[in-house]
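K.L.:
Using the hints, position chains B and C against chain A.
The chain contents come next:
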Amino acid sequence: MHSLSVAEMASALTEGQCTSEELAQVFLDRIARFDTQLNSLITVDPERALAQARAADARRRQGGCGPLTGIPIIHKDIFLTQDQRTTCGSRMLERFVPHFDATIVARCAAAGLVTLGKSNMDEFAMGSSNETSYFGPVRNPWDTARVPGGSSGGSAAAVAARLAPLATGSDTGGSIRQPAALCGITGLKPTYGRVSRWGMIAFASSLDQAGVFGRDARDCALLLELMAGFDPRDSTSVDRPVPAYSASLEQSLAGLRVGVPAEFFGAGLEPAVGAAVETALAALKDLGATVHPVHLPNLGLSVPTYYTLAPAEASSNLSRFDGVRYGHRCEQPANLEDLYKRSRAEGFGTEVKRRIMIGTYVLSAGYYDAYYLKAQRCRRLITEDFRRAFETVDVLVGPTAPEVAFRLGEKTDDPVKMYLSDINTIAVNLAGLPGLSLPAGFVDGLPVGMQLIGPHFSEGRLLNVAHQFQRETDWHRQLPPAFA
Amino acid sequence: MSFTIETVRGIAHLARLAVDEPELEAYTQVLSRSLDLLAQINAADTTGITEMAHPLDVAQRLRPDAVTEPDVREACLAQAPAADAGLFLVPKVIE
Amino acid sequence: MEWEVVIGLEIHAQLATTSKIFSGAAIRYGAAPNTQACAIDLGYPGTLPVLNEAAVRMAVKFGLAVDAQIAPRSVFARKNYFYPDLPKGYQISQFELPVVSGGHLDIDLEDGGHKRVGITRAHLEEDAGKSLHEDFHGLTGIDLNRAGTPLLEIVSEPDMRSAKEAVAYMKKLHALVRYLEICDGNMQEGSFRCDANVSVRPRGATRLGTRCEIKNLNSFRFVERAINFEVERQIDVLESGGQIVQETRLYDSVKDETRTMRSKEEANDYRYFPDPDLLPLMIEPAFISTVRATLPELPDARRARFVSQYGLPDYDAAVLTTTRELADYYEQLVTQAPADAKLAANWVMGELAARLNEENLDITESRVSTAQLAGMLVRISDQTISGKLAKQVFEVLWTEGGEADAIIDRLGLRQITDTGAIEAMIDQILADNPAQLAQYRSGKDKLFGFFVGQAMKLTAGKANPAQLNELLRRKLDAE
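If you read the protein sequences in the order shown, they are chains A, B and C. Sequential numbering from -17 applies to the first sequence in the working numbering. Sequential numbering from 6 applies to the second sequence in the working numbering. Sequential numbering from 3 applies to the third sequence in the working numbering.
The shape of chain A in the complex, shown without the other chains (with noise of 0.2 Å):
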């Protein structure tokens, strides 16, 4: 059953091959059988997903069910679940309990989804490699002394362990695509606006983006049709119709014009990774598309160009966790001084202060103009770069990620090193773009993801290229030996 797809596993509940209850037991079983070792949960509320399943059931006797109904699936710690503890990784918010929904788990709730848990992630989403959590790392079900990717790296890990067959997640920098590319398994960005952030916590709000883990394009489609749209509660959401992803999935890939930057095969790439993609380019070329060499000239200067960005945004978006109103707050406060200070330097990891200090320095008097406007002047260089690219290719393409996973420890000693591993991603955030990582095959036994980035609102583009190439090849259905 857990190997399934989820149009498989709708269909095996519409038919009445299982209930709802049954399913969403499976994967509780999963949990409580495989979670020890991979640490990919920090919530897990058997009781409330039992409830939401027989409720699920109880719809679909009434005839009033989705596509989705009764089908399970995990929000990252990120999003706000009314009355069910949301950490965001932290310790400042180890016992916070929000009182609202964000408005993607609102969706999923009024779709029928079944809430497992919440998944561990980096602490605030900061990191790529889910080492910064507060609940202990995630380990990647591929080979658990190696790391999941992050910062979603607890959605992507139970997704890829069949743990669940869905899972959310946020993205700004990569956080969802490079977590899919190192577990194995399908997840889209979303273009910046399509999906809500209210009920998000916010990293970088001009970069955060939601966006959805699964098997393959179809799941990733279904979830995310009903997930997307407008929401008057974020003044970045746009007003603008959703398609139906998963009525285009067939469309034909003759003619596609698939650009390939350069600049995605440079120096940093591990040779066996730069190959797997040559041959998944190949593959795509057999289902009719053309293939164009393409530059992103300012692709290296995505790095610092985020890297200043992102943790200036992040400095002010972390203010409010002051030990006032909610979270963490320190025993014995001389002065309020103090209570700030403490309690904020007790409730935030080091990567997380890190980056607050670099935020702040750079939006101080006196390195404004050199540091943030600058960047934000890249940022535009950056963008210009695609918006050219996009007049003479459809897609681009290349490796999510330049390596495979690497090993737990690996990198925590060196944060700049982690920084450069984003080199892919970021970029796509800095301007907005929609980006999906598929599976494209295996080096030494650990899988390797495949990059698709398209032009704004091309979501369903990305995901029909992607489920063209899951047709004929069958990266995506492998599972990690040890969770069959």
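Derived by calculation from the structure, the hints in this document are not laboratory data. Check before you lean on any hint, since a few could be wrong.
[As the list claims (entries may be wrong)] Selected chain C positions facing chain A (in silico; Cβ < 8 Å):
(1) N82
(2) R118
(3) I144
(4) F275
(5) P278
(6) D279
(7) L281
(8) P282
(9) E286
(10) K459
[Said to hold, decoys possible] Every beta carbon over 12 Å from chain B, so not counted as near; a handful from chain C, in silico:
(11) I42
(12) K132
(13) N270
(14) E361
(15) I365
(16) L391
(17) L473
Where a beta carbon is used, it is the ideal one built from N, C-alpha and C, also for glycine.
P.N.:
Just chains B and C, lined up with the frame of chain A:
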């Protein structure tokens, strides 16, 4: 090294983060390496390029002036580290 | 040395919306603490601001009223600092690109002249909550009901040269925002607050002196006293060889002094940057046109019209247009008693104003309605009662209510205008006082008053004074 301990101490204060002396040294080293990375943007020629604050070129939407939010005091005070008489409590503030 | 005082004001006008600037929480003064603070106002994680259209409309309305530019594109920025009444750790405000810039307001000076005060800018921002320092076991309580209330911060040029000018500007602005119905102007409740930037320099100097910002000025009187105190203080410091330190000072109305604000001692680095949760505010010409259509007649225009339409002296017109409500009262009164607009002005500015002032009432709370007062004015104009006796009528109207005609009848105040009756009475008086008559006729003119007094005594003051005078003189001078 691009940061001095004094600069980092100042930033930590501005950001209201308690950092003890040994930590301060470690932060100074790591943050200096980050700042070296950030400084790479200085090489870019951005003459005539306007700043980009948002990925989408859209205007602010306006909300009708109506009361839509109910009183949620009890739920919110329940999350507070210290509250009494409907108020959030903090150490005495001196103006 | 002779010193010149330089003052600029920053006025925070709370906009009269029904919900907050970035959230749909209610704004009602005096609600129980934290019952009007939703997740957005509390700075909950995951919450986002959405801008209130009415707040934008009101800012534009203000901009049009002071002849300012309305920015086609303005930007909201975050002002970052930590304070317990500031839930997000930043205030959403406008910094580099405000919605309104470059306007002006004309004020009247004491010497009868006028002065144009420049308005540098006006920008939208959110208010903070309140820290309550009453004792909560040695702690401070935080009430966030006010957090997120829309404010228009109106910044003047440093154009004022005395505390009196500053107060005149502030009063003018206060009247304007109330005319525009964008702010209730209630200073006790903090709806209209003022910070004053004060500096002094040797007369004739072109460079500005170092300024101090005085906060917490919540009445016109305090503004005047605080500025005067601060000017004296600065002059004392400079004359004794000291230097002014640029700082924020708090006015203490009990001690009538300004003192350094301890919490603001540390120089702040606010790290302003564009709020990434909000997009640029784009204001189209069509939007401005719809707002322009809602502009009422502005105080200065109304004042000029009062002069031309009602023939009032400029002074009267200025007083009567001080507030929209007073001007409305006056105009309604004149419509109901159109015979003598100046008479109406005299009564509103005289007797009515005095009684309102005595009982500390606003014109909208007047115990005498325009209809009641008009009923009385009509009787003055048609000579049914004298102006003097009208005061008795007004007194009854104020204390008991009712209608002028009924009161006049009840009190028997109707004037005697019957020539025959007055003549007969005069004849009687002359007959009863032959000695005085003889003295008058032998040249003692002053005795005229004696005869008037006798007549008034006999008629209990009701004889029509003009008629009486004329008839009396005719009879006295007859032989």
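K.L.:
Hint by hint, note whether the structure agrees.
P.N.:
Against the structure, the hints come out as follows:
1. Interface hint status for N82 of chain C: upheld, as the beta-carbon distance to the closest one in chain A is roughly 5 Å, under 8 Å.
2. A cut of 8 Å between beta carbons decides the hint on R118 of chain C: the least distance to chain A is about 34 Å, and the hint is violated.
3. A cut of 8 Å between beta carbons decides the hint on I144 of chain C: the least distance to chain A is about 7 Å, and the hint holds.
4. Because the closest C-beta pair between F275 of chain C and chain A is about 6 Å apart, less than 8 Å, the hint holds.
5. A least Cβ separation of about 4 Å between P278 of chain C and chain A falls short of the 8 Å threshold, and the interface hint therefore holds.
6. About 5 Å separates the beta-carbon of D279 of chain C from the nearest beta-carbon of chain A, less than 8 Å, and the hint is met.
7. A distance limit of 8 Å between C-beta atoms decides the matter here; for L281 of chain C the minimum to chain A is near 6 Å, and the interface restraint holds.
8. The closest approach between the C-beta of P282 of chain C and any C-beta of chain A is roughly 11 Å, which is over the 8 Å cut-off, so the hint fails.
9. Among the interface hints, the one on E286 of chain C is violated; its C-beta lies about 17 Å from the nearest C-beta in chain A, farther than the 8 Å criterion.
10. Interface restraint check: K459 of chain C against chain A, minimum CB-CB distance 78 Å, threshold 8 Å, status violated.
11. Not every Cβ of chain B is farther than 12 Å from the Cβ of I42 of chain C; the closest lies at roughly 7 Å, contradicting the non-interface assignment.
12. Under the 12 Å C-beta cut-off, the non-interface status given to K132 of chain C relative to chain B is violated; the minimum distance is some 10 Å.
13. Listed as a non-interface residue, N270 of chain C fails to keep its Cβ farther than 12 Å from every Cβ of chain B; the least gap is roughly 9 Å.
14. With a least CB separation of 35 Å from chain B, E361 of chain C remains clear of the 12 Å interface cut-off, as annotated.
15. For I365 of chain C, the shortest C-beta to C-beta distance to chain B comes to about 28 Å, beyond the 12 Å cut-off, and the non-interface label holds.
16. In this structure L391 of chain C is separated from chain B by more than 12 Å, as the shortest Cβ-Cβ distance comes to about 52 Å.
17. With a least CB separation of 68 Å from chain B, L473 of chain C remains clear of the 12 Å interface cut-off, as annotated.
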